Structure formats: C-alpha cells, structure tokens
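Chemist: So the sequences go chain by chain: F and A. Each residue of the first sequence is one higher than the one before, starting from 83 at the first, in the working numbering. Each residue of the second sequence is one higher than the one before, starting from 3 at the first, in the working numbering.
Quick caveat, the hints were computed from the structure, so don't treat them as lab data. Check the hints yourself; a few may be wrong.
[Claimed, not checked] Taking CB as the label site, the calculated pair distances span:
| no. | chain 1 | residue 1 | chain 2 | residue 2 | range |
| --- | --- | --- | --- | --- | --- |
| 1 | A | 141 | F | 99 | 52 to 60 Å |
| 2 | A | 170 | F | 291 | 43 to 51 Å |
| 3 | F | 169 | A | 170 | 45 to 53 Å |
| 4 | F | 231 | A | 160 | 22 to 30 Å |
| 5 | F | 326 | A | 233 | 57 to 65 Å |
| 6 | A | 174 | F | 136 | 37 to 45 Å |
| 7 | A | 170 | F | 237 | 32 to 40 Å |
All of these numbers come straight from a predicted model, not from anything done at the bench. The beta carbon of each residue, even a glycine, is placed where N, CA and C say it ideally should be.
Okay, here's what each chain looks like letter by letter:
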Amino acid sequence: MSDASTELAEPRPARDVLLYLNGVTVSFDGFKALNDLSLIVEDGELRTIIGPNGAGKTTMMDVVTGKTRPDTGEVFFRGNEDLTRLDEAAIANLGIGRKFQRPTVFENLTVFDNLDLSLADTRSTWRTLFARQTPERRERIEATLSRIGLSAQSGSLAGALSHGQKQWLEIGMLLIHDRQLLLLDEPVAGLTDRETEETAALILDLARDRTIVVVEHDMAFVRSLGARVTVLHEGSVLAEGSIDYVQNHPRVIEVYLGR
Amino acid sequence: MADATQIDTRGAWGPGFWLKFAATGLVLAVIVPALNRGVSPNWFIAVPDYIVPLLGKYLCYAILALSLDLIWGYAGILSLGQGAFFALGGYCMGMYLMRQIGTRGVYQNPVLPDFMVFLQYKELPWFWYGFDHFAWALLMIVLVPGLLAFVFGWLAFRSRVSGVYLSIITQAMTYALLLAFFRNDMGFGGNNGLTDYKDIIGWDVHSPGTRLGLYIASVVGLGAAYLLCRYITRSKLGRVLMALRDAESRVRFLGYSATNAKLLVFTVSAVLAGIAGALYVPQVGIINPSEFSPGNSIEIAIWVSVGGRGTLVGAAIGAVLVNLAKSWLTAVQPESWLFLVSWLHGSAHDAGEWLIRGIFRAENWQFILGALFIGMTLLFPQGIVGLAHRFHWLRWRGRAAPPPVDDKPIAAEEQA
C-alpha cells in the first residue's frame, strides 16, 4: 500500500523533523499490524491520525514508545535517536510521553501523587528512595492541578475520579512531565460533549509549546483541532492533508463507508 | 483493591507514630524481660523461661512476614520462595554455631563438625572457611540471601516475569534448594541439618540469659526491619512501587525503571528474611532442609494476608497470631476445645469429642490454616488490620486518618 496520496502542505517555514518512521512493519502471527509505514512529524506540529479499527494506530504508538519492536524499518527521534534500540523508560526520558486509550492513572495513589510521580525529576531508583518534597515541586503540581481543573480532588484517590477526570489527570501527568512529543491515544473516548470541547481547548493550548500526535475516531473533535490529518489503513498511510482534503478523498470514503 | 492504610503517605513520622512505636518496643523489650527475670517465677504474670525462645521465634516470623509484605503488599511481587532466603540466613548462622562446638562434639574433632566426621570428610569444604568468625557469619547472613535475590530478581524482572509466573518460579527455586540441601554431599548436614549447638559469641545457647538476649535481639531486629520497611514504603520509591503494582506499563512510560525498583526492594526483602532466619536458628536450636519446603513459603503469604496485606503492622501481627494459634492448636489442644464444647453443651458428647479430636490435630494444621486463609480472603480481604480500621478500633482520638480512608470501609463491604 504505497500509493498514499498526499496533499501538499501550504507553504510555511521549513521545520526540523522530530519523529521519523520509515518502512516500519510489525506483524503478529502473520497479521501485519503495520505494513511498510512511513510517517514524518515535524517539530512543533499538531498532527491527528485517524483510521478504521485495526488500521494500526495504537501499534504505531507502541512502536514509537518502545512497547513493540518493529520487524523491519527505522524509527528516529530528533534525527539521531534510534528508538528501536531503547526500552520504554529510556524513550520516556528522551522526552516522549504517551496517553493510553483507556485512561491509565495510578488508582491507589492520590491525584497529587499521580502528578508528583510524573513531574520531571530524577528517575533513578536509588534517588527516589531519598527524594524530598520541595515547595517548588508542590507549586508546579498545584499549578497543573488548577490547569486540569482538579484542585479540589488533590487529596482523593485517583481511582475515585470520574472517567472524564481520569482522562484529564492523565493529560495533566503528561503536561507536568514537560515532554517534547506527546502521543495521545483517543483522548476524548467516552467523554461528554462539553468535556470534549474542553479537552480540545486544552490540547490546542498545549500544542503551542510542544509537538502533539493525536489518534482519534471522533471526526468533530478532529475537525475542531484544525490540524493536519493522516489517515491510516491496513498498517500504512492512505492519505494525508487537511481535514477537508481527506474527507473528500475517494479512497478514504471507500475505506470508511464501504468495502 | 485499595488499602485504607496506604493513603496516609505523608506525616508518617509524627509524634503519634513514635509514641506507638516506643510503647510497643517498651512492652516487648523491657516488660517481657522484666517479667521473665525480675519477678518470682511462681507469680502468675511471670514469663517462664521456656516461653522466651518461643516468643523470640514468633518475632523472627514477624520479621519474615514484614519482608514479604514489603514486596507483595507494596510492589505486587508475590514471592512464594521467601522461606528460601530465611533458610539461607539460618544456615549461615548454623554454620557459625557448628564451628563454635569445636572439640565438644561427639567425635571431638577441633575443626570438622560431627556430621562431616561421620560422613568421612577429610577436610573442611572451602565454603565453610571463615564461619568460625562471628563477623564473617554476619556478613554472609546479609550477602548470601541478598546476592541470590539480586541475581534471581535481575533475571526475572529484566525478562518481565511477573504475577503468577514469578510466584511459580520462586516456588521452584525454594524447592530446588530443598532438594539440594537434602543431599549429604552438599556439605550442609543433609537431611539432619545443623544442630546440637553449644554457644554463640561465648554465651551458652541453652542458658536462660542467652535466650533472653536472643529474644531482645529479635525485638531490636523487628523494630529496625519495621522502620526500614516503613521508610521505603513511605518514600517516593514506595509510591513508584505501588504505581508499578497497579499499572506497570504506565510507570515505564513515565520513565521509571520497573526492573531497578523491583530489584532493589526484592533484594532488601531477601536480606531481611535472611536476618530473620539467622535470629531464628539459635533460638530453636536447629536448621534443616525442611525450612526450604514450599509449604513454609506459602504459609508466610497466609500470615501476611491474615494480618492485612500492604499494611506492614498487619504482616507482623498476622505472623504472631497465626503462629500462636498453631502452637495452641497443635500443643495445648485438643483438651481446651473439649473443655469449651462441654461448657457449651453441658457435657461432652462422644460424637463431639470424636469430631474435635479428629479436627484439631497437629497433622491437620495445614487444613486449618488453608481454611483460615480462604475464610479471611473471602470475608475480610483487608485482613485483621483492615477489620480494625473498619470498626475504628485503632482510630485514636483526634488522630483521624485523612478523608479518603472513610471511603474505604464502604469499598471493602462491597467486596465482601
């Protein structure tokens, strides 16, 4: 599937490539979850990735974050960091954060502690044993709490939050870690319309000073982000361009509507 | 399953804590010895000499239970081979005690322990070198279990073996050691193990004074182990461990090394178990391969779950209570049960007597323990400590835990 059609992006200053995937293939028992996938995300870009179920969206994130090793292909971050050689923790420490499809927060820790563990700091096991809370850290955590609207829940167990609050807490965890690249897997799944709107605003706000890749099903939400869209199908790129371009693309319509 | 006691992660070292800690220490390390030595043995509150090593033994089990709770309750690592580290620490102490016998053994060999003479060893195996020095024995008590746990843990955690698979391979580890230590040519006394000790750093192991000293050493060991475990679990590392237990891959994506965090705490836990074993051996007077039996390690998990997993205090309480029950059921019983039945019914029926005698027998202990485990897990998943929290028994006036704790009993009831 190499006949991906791409709409030329409107002219703009050239930016550095932040994430580079070339010819990535992952197969599970003969099923090719990713099939010769090539994708480039530029530094500072907000990118949305859509595609029908099984198109390889989550597998793509697994490959970038080190959870899954590709069978073939290369994955580079910032030009020279070969992500296929690193484990999850090392990749996270390079500056790549990930939000899971299902909100994954530490249910038996408080909201405050969830953010505390995410706050950029030493990750050394030995040093975490002697780590102390400082006023600066506390301030940053409280600032993040108010940004994600969970100040009142600071001392509650994360497990007691509503579904929407968990999604927000997870975004807050990525936010406070100060990552260069954020991968958000379906950030509005199961949210109410109002929560979806608020999340879109939050993502646009976050996108001002970092690169974000959003995987999403909700087309209204994708449209509200107004970003460049990549359509995945059967493990490779089907089309790429603005939302209007891809929605009117005959192959995309065929894949989404009929077989 | 959230544990009520795990929420209070800050302010853990306030005066209230130290008061309770000091009070417990006072009772165990001052009042019990005073009742043993300071009062007339005829007085009803006197602690007889034979009780002292028994209490010491329970305290060693409490340290062992703490070591398991540290990894199981907080990091979700259910080691079913914890008894192996305990036994290895015990063997190190046993080797020192054997070397102290010297010419007082049956064969009066100044260097070789009796079993080696009997098995026709010509010279001391190399791994027995140095064990005539107490300091060397102490070093080995820490190093041997610690090193085994480090290597085993490194291999297991690096390959991301966790959950039930980890439990099974730890169980296999202790079983393999059991078989190895049964062999006479291993050089550890085979089936009979190491026994017939005479003295420890110059003190007669059988004298009441030494026994009291060993008991106090066990109290100190328990106190130190508790403080260490409390420090680790209340530190940021403790929160990383709890996070690992609940959502391991999330922790990895945050950039923490799950392997290193687990490895550190697994190794600390093994060292604690080894120290418990080393304190245990001189008080019971023997170490043999049965300490490696898989059943022993499973029993430790039962103590922890009966007391309350992930609470530390609960683990220690569970170990002491279950073992008290075991001693009582297997030694004092069944007459006491018959007494109870006859008191309730007015007279002991033959059938009742037959039933009671049939059930509460030493060899049925495993079944009673299993029933206890199943019952506790089904009815009180939070163990004794969770139960106490539910009834506010431990809630000190004005020292109420933070609000989330109040949600807890409801959740526990829903589960029950």
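Chemist: Determine for every hint whether it applies to the structure shown.
Modeler: Do the hints match the structure? See the list:
1. The given range of 52 to 60 Å is respected by residue 141(A) and residue 99(F), whose C-beta atoms sit roughly 55 Å from each other.
2. About 48 Å separates the C-beta atoms of residue 170(A) and residue 291(F), a value consistent with the hinted range of 43 to 51 Å.
3. Between residue 169(F) and residue 170(A) the CB atoms are about 25 Å apart, so this pair departs from the stated range of 45 to 53 Å.
4. A beta carbon spacing of about 40 Å between residue 231(F) and residue 160(A) contradicts the range 22 to 30 Å that was offered as a hint.
5. For residue 326(F) and residue 233(A), the hinted distance range of 57 to 65 Å is satisfied, since their beta carbons lie about 59 Å from each other.
6. Between residue 174(A) and residue 136(F), the C-beta spacing of about 39 Å keeps the proposed range 37 to 45 Å intact.
7. Roughly 39 Å separates the CB atoms of residue 170(A) and residue 237(F), a value that falls within the hinted 32 to 40 Å.
Hints 3 and 4 from the earlier list are contradicted by this structure; the remaining hints agree with it.
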